[in-house]
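Here is what each chain is made of, one letter per residue.
There are 2 protein chains.
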Amino acid sequence: MKLMTMARTKRVFTLLLRVLALGATFAAAVVMATSHEKANMFGVRFEAKFSHTPAFKYFLIANVVGSVYSFLVLFLPAENLLWRLVSALDVVMTLVLTSGVSAALAIAYVGKKGNSHAGWLPICGPVENYCHHVGGALASGFIGVLIYMILLLYSIQTNLKTQLV
Amino acid sequence: MKLMTMARTKRVFTLLLRVLALGATFAAAVVMATSHEKANMFGVRFEAKFSHTPAFKYFLIANVVGSVYSFLVLFLPAENLLWRLVSALDVVMTLVLTSGVSAALAIAYVGKKGNSHAGWLPICGPVENYCHHVGGALASGFIGVLIYMILLLYSIQTNLKTQLV
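Read top to bottom, the protein sequences are chains L and U.
Going by our numbering, the first sequence opens with residue 1, and the numbers climb by one from there.
Going by our numbering, the second sequence opens with residue 1001, and the numbers climb by one from there.
Just chain L, with the same shape it has in the complex (with noise of 0.2 Å):
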């Protein structure tokens, strides 16, 4: 009976996470995805894109894998033996967002602050809309990256505490 209601409230907090990560990858991928802005800088009219970045659109990827992914299991029935690959998946797929989520952020990180050194100059200034566009994107896809840790973690340890009972 303890067991059980465990087992249910586990249920209901990882089914939670999960609705909560699809928010916010599909969010994330969403904001990127409309991310543009046209300007000109010495008298020269240019577009500013989230498709002239491999960064950006590989973040645009894992997030959108990431939403289909979080969308799918919330259909998956309780005790379904493909709940074992999900755990599996549940790893790579937050090692994917993470993944994006740093790449896309050293990235920005350049547009913004620019390196001296490889003679990179900084591109926010003429298109700060994408900037913040971008900027928002990736702290959605931040907190997807938080929330599937929390899920392993949680997953992880509540496995644990069954082996010890």
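Careful: at least some of the hints might be erroneous.
Estimated spans, in silico, between C-beta atoms of each pair [stated by the list, open to error]:
(1) G1023(U) <-> G43(L): 36 to 44 Å
(2) L82(L) <-> Y1154(U): 34 to 42 Å
(3) K1113(U) <-> K113(L): 17 to 25 Å
(4) P1126(U) <-> L82(L): 51 to 59 Å
(5) L1072(U) <-> S116(L): 33 to 41 Å
(6) P1126(U) <-> N80(L): 43 to 51 Å
(7) E1047(U) <-> R45(L): 31 to 39 Å
Since the hints were made in silico from the structure, they are not lab data.
For glycine and all other residues, C-beta sits at the position ideal for the given N, C-alpha and C.
Assemble the complex: chain L is given as a structure, and chain U must be docked to it using the hints.
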């Protein structure tokens, strides 16, 4: 008896993986820390160094922390209660290493290919050795991440198996 053999096989296997992870993260840290080259471009002398790039510094820190952690865990006796903490720290460590490799790879890609939209020129031409050095560090760091991913997947799957038994 069978469970004891299983537990022992698991211990030997994970110990081996942890030694490999120590080697990979340590090599990544050393190779990154020693990467620098002096060159002339258009008559201007300049030096390429990992410490000029925040993402490479972060990669170095992540791999130093990763190798110290991998080293310390080797000396934790079996059946110690700290193993519960270790399985949580494994998750965090894997994410930190993944994030370090991804951020460094994103910047290394710009260093190699440049980004014409942002006006960032590739810098590898005159400092080819430096770029190869960084590439080696990234490869080693990536192997470290893979090993930690296998450790995580293995620990999650064997936990589940013990539950099912």
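Tested hints:
no., hint, in the structure
1, G1023(U) <-> G43(L): 36 to 44 Å, "55 Å, violated"
2, L82(L) <-> Y1154(U): 34 to 42 Å, "19 Å, violated"
3, K1113(U) <-> K113(L): 17 to 25 Å, "20 Å, holds"
4, P1126(U) <-> L82(L): 51 to 59 Å, "53 Å, holds"
5, L1072(U) <-> S116(L): 33 to 41 Å, "38 Å, holds"
6, P1126(U) <-> N80(L): 43 to 51 Å, "57 Å, violated"
7, E1047(U) <-> R45(L): 31 to 39 Å, "36 Å, holds"
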